[in-house]
Amino acid sequence: MIETDQHTAGELVVSSGRGPLKIFPVTVPIMGSQAIGLFRLPAPEQLSDEHWIGALYPVQYSASCVEELAGLLEQPRLPGPEWYRLLVEAEELSLPPGSTELLAPRHLAEVWRRVGVIPYPHQLETARRVLFEMGGRAILADEVGLGKTIEAGLIIKECLLRGLARRVLILTPAGLVWQWFRELKEKFSLSCGMQRSEYDWERTDLLIASIDTAKRSPHREIIQRLHYDILVVDEAHKLKNATSQNYRFVNSIRRTYCLLLTATPVQNDLKELYNLINLVRPGQLGTYREFKRAFVADRRTPKEVDGLRRLLSQVLIRNRRGPGSVQFTARHVHAVPVELSQEERALYERVTAFVKEGYRKGRNTYRNVLPLITLQREVCSSPIAAAITLEKLLMKEGDPEERRRLEELRALALSLHRNRKAEVLEELIAGLGGEKVIVFTEYRATQHYLRWRLEKAGFSTLGFDGSLSPGRKEWIRELFRRHGQVLVSTESGGEGINFQFCCHVVNYDLPWNPMRIEQRIGRVHRLGQTRDVSIYNFATRGTIEESVLYLLYEKIDMFQTVLGELDTILTRIRLHDSLEKELADILVGSASREVMEERLARLAERIVRARDEAREADPLDRLRLW
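Note that my numbering has the sequence shown beginning at 1, numbered continuously upward.
Keep in mind that the hints were calculated from the coordinates and are not lab data.
It is possible that some hints are incorrect.
[To be verified] Below, in silico cross-link-like pairs of lysine-lysine (DSS-like), each with a Cα-Cα straight-line distance of 27 Å or less:
id : residue 1 : residue 2
1  : Lys436    : Lys456
2  : Lys392    : Lys581
3  : Lys361    : Lys396
4  : Lys215    : Lys303
5  : Lys356    : Lys392
6  : Lys187    : Lys396
7  : Lys292    : Lys271
8  : Lys361    : Lys215
9  : Lys292    : Lys303
10 : Lys392    : Lys361
11 : Lys187    : Lys581
12 : Lys356    : Lys303
13 : Lys392    : Lys436
14 : Lys292    : Lys238
15 : Lys187    : Lys356
16 : Lys581    : Lys238
17 : Lys185    : Lys215
18 : Lys215    : Lys238
19 : Lys361    : Lys185
20 : Lys303    : Lys238
21 : Lys396    : Lys436
[To be verified] Each pair of labels, with its calculated beta carbon distance range:
id : residue 1 : residue 2 : range
22 : Gln60     : Pro105    : 43 to 51 Å
23 : Glu397    : Arg248    : 46 to 54 Å
24 : Pro105    : Glu50     : 48 to 56 Å
25 : Leu164    : Ser191    : 30 to 38 Å
26 : Gln245    : Ala457    : 31 to 39 Å
27 : Arg331    : Arg248    : 20 to 28 Å
Built from N, CA and C at the ideal position, the CB exists for glycine as well.
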């Protein structure tokens, strides 16, 4: 029992109901002193009747304080805007389930302002549709670079805010784990774990993991015992085959909500689309036999388009770039021709003769001739890279005559002290006025040479390659963003890391696979890029580099084609081998330059025809789901 009658403020009087009153001094005012400002203790006080708690403890309360508290609840007097914002958030979180207004954007407004995120309307609308129209199960099939990760992050954050989810599993290719971790932490204030041991599956509520690790024992068995509120699978087109291990594993995971992310939900066969939808919402399209009978004219051509569109729109969202849709900044593509010096030209001609002779001698399989083709391309990149490859060939060669020729070529490469291509690169970077630039090269030796040379010329330069751990890649990315001007990267170095803060890309060496070109450019030219992107394609005149640039740029305009479309085009060409092998045979196996140019022109015509057919025959285009 608490009494205050006949006692001054600052004293607490306690009675057990069975003994005398005891008085204790109180240094912190109880109820309503000026320090708190919400309650003020009246004197004398009127206490309520006793209320018993159990059979031992009677309790009385201040009647006047109850009246004052009731008045405050009717007309709250809260000290400052922080309390007001807290009340607003509490009110929003208590909204009835029927409300379709997203809570996450307002909740994250300060975070987005700090990190410079501007959510796009199509991303907000996608999150709203998935949550309030699709029941949290959907395929996010936006074109490459439109922010599927942002959409998935919005959906996860919204579910957490509303108390709809606690345990979340995100499965990605190994190279994207760090990117997901950074995106969710920076843009959504989500502290996810990255799976490192078999114990992480059960003890971490928000977990990002490599799908290749997750599907292996003992991880697979642990995951299958758990239930996830949200399952997210990135690069979900790799699940298109229902008999694959990846598909069966993902299908075995117990989940309430499910998001599949892919820019190409169908490439070769409408069955691929059926399989993905069956993962997200089993039975949506019936059995495959029913689906095929009702909606498939042939492997890539749908029928009963209106009915199929209606069913797909309940589970698949596809946003596209272009007029009337998502607008990107422009790409400006520049061909940068490089004239070799007399000494470099002599080395190139001698290496080319050596490569063609090796090809004619019967070593005309791609595996055997690949080191020779690499050597020929390295001469165009840097003499030091060519010298290292010649050294490796020397170690394997047993024929005395061949060894003599390799020794001569190696000595000639090491004697070259001038590199015209590197000189042109220095001039280009100097003309950018201190703006950041990413230089892509195919070869580690060229990367080291360019870093040394650019540092010597006074440019702040960093290196990026596939040997770096994910954590070190993130560290170098931040160094480049804050302090560096030039990042020299090999092909594998740029995978899974985005650089929207940079707007200049140099293809110092051109890869022969257009997919890799677009992957390079896509590191910079993607959603969130606020400036036009300049792409500089270096090519040495009169070499295989110039021939490849002519094919990819002038004939096909590959530098303006998005990644998902490229993948479809290369699938439809139906080459006997890969595009790289086809190019190798043309560039090395042609009897003369005229024959080579004629064969390149025919290849270009096939690619252009495949591109046009792909654009006309894309099942999702026909269904117009955007």
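Verification of the hints:
no.	hint	verdict
1	Lys436 - Lys456	holds (17 Å)
2	Lys392 - Lys581	holds (22 Å)
3	Lys361 - Lys396	holds (17 Å)
4	Lys215 - Lys303	violated (36 Å)
5	Lys356 - Lys392	holds (19 Å)
6	Lys187 - Lys396	violated (52 Å)
7	Lys292 - Lys271	holds (8 Å)
8	Lys361 - Lys215	violated (46 Å)
9	Lys292 - Lys303	holds (10 Å)
10	Lys392 - Lys361	holds (20 Å)
11	Lys187 - Lys581	violated (42 Å)
12	Lys356 - Lys303	violated (51 Å)
13	Lys392 - Lys436	violated (35 Å)
14	Lys292 - Lys238	holds (22 Å)
15	Lys187 - Lys356	violated (54 Å)
16	Lys581 - Lys238	holds (24 Å)
17	Lys185 - Lys215	holds (25 Å)
18	Lys215 - Lys238	holds (13 Å)
19	Lys361 - Lys185	violated (57 Å)
20	Lys303 - Lys238	holds (25 Å)
21	Lys396 - Lys436	violated (42 Å)
22	Gln60 - Pro105: 43 to 51 Å	holds (49 Å)
23	Glu397 - Arg248: 46 to 54 Å	holds (48 Å)
24	Pro105 - Glu50: 48 to 56 Å	holds (52 Å)
25	Leu164 - Ser191: 30 to 38 Å	violated (19 Å)
26	Gln245 - Ala457: 31 to 39 Å	violated (51 Å)
27	Arg331 - Arg248: 20 to 28 Å	violated (40 Å)
Checked against the numbered hints above, the structure violates hints 4, 6, 8, 11, 12, 13, 15, 19, 21, 25, 26 and 27; every other hint is satisfied.
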